[in-house]
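Respectively, the protein sequence lines represent chains A and C.
To convert, note that position 60 of the first sequence is 60 in the working numbering; the numbers rise steadily by one, no gaps.
Each number in the working numbering corresponds to the 1-based position in the second sequence with 158 added.
Hints in this document: simulated from the structure, not taken from any laboratory.
Some hints could be false.
Claimed, not checked - Sample of chain C residues facing chain A (criterion: CB under 8 angstroms; computed from the structure):
1. Tyr209
2. Arg213
3. Cys215
4. Ala217
5. Cys220
6. Ile222
7. Phe473
8. Phe482
Said to hold, decoys possible - Straight-line alpha carbon distances no greater than 25 angstroms define the calculated PhoX-like cross-link-like pairs of lysine-lysine that follow:
9. C:Lys246 <-> A:Lys5
10. A:Lys16 <-> C:Lys316
11. A:Lys27 <-> A:Lys16
12. A:Lys5 <-> A:Lys16
13. A:Lys102 <-> A:Lys148
Stated by the list, open to error - Residues from chain A that face chain C, not an exhaustive set, calculated with beta carbons under 10 angstroms:
14. Tyr7
15. Arg9
16. Thr13
17. Thr24
18. Met26
19. Asp107
Note that beta-carbon positions come from the ideal geometry of N, C-alpha and C, so glycine has one too.
Listed below, chain by chain, are the residues.
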Amino acid sequence: MATFKEYFRGWATGLKSLATGMGTSMKVFRQKPVTEEYPENRHTTLHIPERHRGRLRLVTDENGQPRCIACGLCQMNCPNGTIQIEADTVETPEGRKRKQLKAYHYDLGSCLYCQLCVEACPHGAIEFSNDFENAVFERDRLRLDLTKPEDNRCHDWK
Amino acid sequence: MNYYDINSLNQSIHGTLSSLMPEGLAITLEGIAVGLLIIVLYALLAIVLIYMERRVCAAFQCRIGPNRVGGRGGLLQVPADVLKILTKEIISLRHADRFLYNLAPFLVILASIFSFACLPWNQGAEILRMDIGIFFVLAASSIGVLGILLAGWSSNSKYTVIGAVRSGAMIISYELSIGLTVLTMVLLSGTMDIQEIVMEQEHLWNIFRGHIPALLAFCVYLIAGNAEANRGPFDLAEAEQELTAGYHTEYSGMHFGFFYLAEYLNLFITAGIASTLFLGGWMPFHIPGLDGLNAVMDWIPGVVWFVGKTFAVVFLLMWIRWTFPRLRIDQVLTLEWKYLMPLSLVIVLLMTLCVIFGLVL
Ligand code: SF4
Ligand code: SF4
Numbered sequence: 001m002a003t004f005k006e007y008f009r010g011w012a013t014g015l016k017s018l019a020t021g022m023g024t025s026m027k028v029f030r031q032k033p034v035t036e037e038y039p040e041n042r043h044t045t046l047h048i049p050e051r052h053r054g055r056l057r058l059v060t061d062e063n064g065q066p067r068c069i070a071c072g073l074c075q076m077n078c079p080n081g082t083i084q085i086e087a088d089t090v091e092t093p094e095g096r097k098r099k100q101l102k103a104y105h106y107d108l109g110s111c112l113y114c115q116l117c118v119e120a121c122p123h124g125a126i127e128f129s130n131d132f133e134n135a136v137f138e139r140d141r142l143r144l145d146l147t148k149p150e151d152n153r154c155h156d157w158k
Numbered sequence: 159m160n161y162y163d164i165n166s167l168n169q170s171i172h173g174t175l176s177s178l179m180p181e182g183l184a185i186t187l188e189g190i191a192v193g194l195l196i197i198v199l200y201a202l203l204a205i206v207l208i209y210m211e212r213r214v215c216a217a218f219q220c221r222i223g224p225n226r227v228g229g230r231g232g233l234l235q236v237p238a239d240v241l242k243i244l245t246k247e248i249i250s251l252r253h254a255d256r257f258l259y260n261l262a263p264f265l266v267i268l269a270s271i272f273s274f275a276c277l278p279w280n281q282g283a284e285i286l287r288m289d290i291g292i293f294f295v296l297a298a299s300s301i302g303v304l305g306i307l308l309a310g311w312s313s314n315s316k317y318t319v320i321g322a323v324r325s326g327a328m329i330i331s332y333e334l335s336i337g338l339t340v341l342t343m344v345l346l347s348g349t350m351d352i353q354e355i356v357m358e359q360e361h362l363w364n365i366f367r368g369h370i371p372a373l374l375a376f377c378v379y380l381i382a383g384n385a386e387a388n389r390g391p392f393d394l395a396e397a398e399q400e401l402t403a404g405y406h407t408e409y410s411g412m413h414f415g416f417f418y419l420a421e422y423l424n425l426f427i428t429a430g431i432a433s434t435l436f437l438g439g440w441m442p443f444h445i446p447g448l449d450g451l452n453a454v455m456d457w458i459p460g461v462v463w464f465v466g467k468t469f470a471v472v473f474l475l476m477w478i479r480w481t482f483p484r485l486r487i488d489q490v491l492t493l494e495w496k497y498l499m500p501l502s503l504v505i506v507l508l509m510t511l512c513v514i515f516g517l518v519l
């Protein structure tokens, strides 16, 4: 008798889950396709999620100076040795010694996009932009120095 | 009332031809013309169905589908694929059973053309008409299994044999459910002649006439028909992930094309038979009593009704296919023998009782 009951319960649960599945797929059917027709819609409807990790960039303050204090934490936290910081030691007017960023070498070709560097930075001095158009013709062009304006310039996609 | 009856057209063509030449020759010529028509229609429908499948499948997966070849809609994608497949070499295997290997695709395509020819396109547009029409469709479509089994066996490969055996076991099981649901509708209609089944739905389609048993039978037919057409979630005969392509792994070029064509046309035939048995074939939508509505519906030609209903059922089948994951062979057989077959027996019984006690509309 128990198996008899189980049999009908099997019918009921089976039908219910099948109906749920059909409902779900119909919901998806009526959604707009998520496909990006990339080169054509580059200037019109292209949507890149804001959190997409495209390439690293230095955040600048209101004077256009990088916020980075050259502490080197990002370099230490990078699992791939992608970041190399070059710093000078300068003397402040108060007579204290302090590091100043000279060059921020970032090798786009070996970056894992793990974002550990951003997490590690105590000053919020680096961030990922969602500029994904990183293809270049030579390997060397991927070795960037983020203190140079032309290397730090990247597009923010909506 | 039927404005689009083409019987008189048929008769006038036959009359003209017979007056020009001996009757035997005229009939032969007409036969050839109709045969060509079927084959052309078959190929065109396959292209339409493949295109539809790609677009529908894409929509179910939130994609766009083919949209580059041939303008915005990607309309030329499938014709381009057909041309490509036509230019491919048909390879012959070294240790294959050459004769059966070459015969198999033709058996499959033959089976599906036979059943295709039975579909009621319009009043007067039936191609094969016989008293046992629907029975013939069941018989003819079973030749396809033979083709699949031969294809699997003769290509001398493990994948193909496993695929063929699976599909043999599955199709033979699901034939039972199909047979029983068809029997249900035959009980309701009182005839096996496809045209008569359609004619007899003049006042109301079968699915409404037979209410509960007919609705249940419709569902069972769709499930079993999906299995018959070897389509997902019952596509384990060609389970790509395990068996490369199942029974047609070793086929190339147009031989493969035949299998592919037959798969899509079987989908259309399954849907076409479903719309004949349950949704009135070419019969316009009629509600007894509402003469105004019925008159308006009569203005739409039967062929539009038939193709429209069939494509609606095709869409339903695609919806099922792109929703559910593939079943394992034991699950497939459990579903049939423990659930669908008993249910179809109950449906037959229910329908018999309904018909005896005059409970149908
Ligand atoms: S994202 Fe990861 S790999 Fe790339 S620079 Fe930062 S820490 Fe290094
Ligand atoms: S962790 Fe931040 S502040 Fe320190 S060197 Fe890196 S970017 Fe500059």
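Consistency of the hints with the structure:
1. At about 17 angstroms, the closest approach between the beta carbon of Tyr209 (chain C) and any beta carbon in chain A exceeds 8 angstroms, and the interface hint on this residue is violated.
2. With a cut of 8 angstroms, the hint placing Arg213 (chain C) at the interface with chain A is violated, because the nearest CB-to-CB distance is about 11 angstroms.
3. Interface restraint check: Cys215 (chain C) against chain A, minimum CB-CB distance 10 angstroms, threshold 8 angstroms, status violated.
4. About 5 angstroms separates the beta-carbon of Ala217 (chain C) from the nearest beta-carbon of chain A, less than 8 angstroms, and the hint is met.
5. Nearest Cβ of chain A to the Cβ of Cys220 (chain C): about 5 angstroms, under the 8 angstroms cut. The hint holds.
6. The interface hint given for Ile222 (chain C) is met, as the beta carbon of that residue sits about 5 angstroms from the closest beta carbon of chain A, less than 8 angstroms.
7. Proximity of Phe473 (chain C) to chain A is violated relative to the hint, the smallest CB-CB distance being about 10 angstroms (cut-off 8 angstroms).
8. Interface restraint check for Phe482 (chain C): the shortest CB-CB distance to chain A comes to about 6 angstroms, inside 8 angstroms, so the restraint holds.
9. Under the criterion of a C-alpha separation no larger than 25 angstroms, the hint pairing Lys246 (chain C) with Lys5 (chain A) is inconsistent with the structure, at around 56 angstroms.
10. Pair hint Lys16 (chain A) plus Lys316 (chain C) does not hold up; C-alpha atoms about 38 angstroms apart against a cutoff of 25 angstroms.
11. About 17 angstroms separates the Cα atoms of Lys27 (chain A) and Lys16 (chain A), which keeps this hinted pair within 25 angstroms; it holds.
12. Between the alpha carbons of Lys5 (chain A) and Lys16 (chain A) the distance comes to roughly 17 angstroms, so the proposed pair stays at or under 25 angstroms and holds.
13. As the CA atoms of Lys102 (chain A) and Lys148 (chain A) are separated by approximately 10 angstroms, the hinted pair is consistent with the 25 angstroms bound.
14. The criterion of a C-beta within 10 angstroms of any C-beta in chain C is met by Tyr7 (chain A), whose closest approach is roughly 8 angstroms, and the hint holds.
15. The interface hint given for Arg9 (chain A) is violated, since its Cβ lies 12 angstroms from the closest Cβ of chain C, which is over the 10 angstroms cut-off.
16. A hinted interface residue such as Thr13 (chain A) counts as satisfied when its beta carbon comes closer than 10 angstroms to some beta carbon of chain C; here the least separation is about 12 angstroms, so the hint is violated.
17. Because the closest C-beta pair between Thr24 (chain A) and chain C is about 8 angstroms apart, less than 10 angstroms, the hint holds.
18. Taking 10 angstroms as the C-beta cut-off, the interface hint given for Met26 (chain A) holds, the closest approach to chain C being about 7 angstroms.
19. A hinted interface residue such as Asp107 (chain A) counts as satisfied when its beta carbon comes closer than 10 angstroms to some beta carbon of chain C; here the least separation is about 35 angstroms, so the hint is violated.
When the structure is compared with the earlier hints, violations turn up for hints 1, 2, 3, 7, 9, 10, 15, 16, 19 and for no others.
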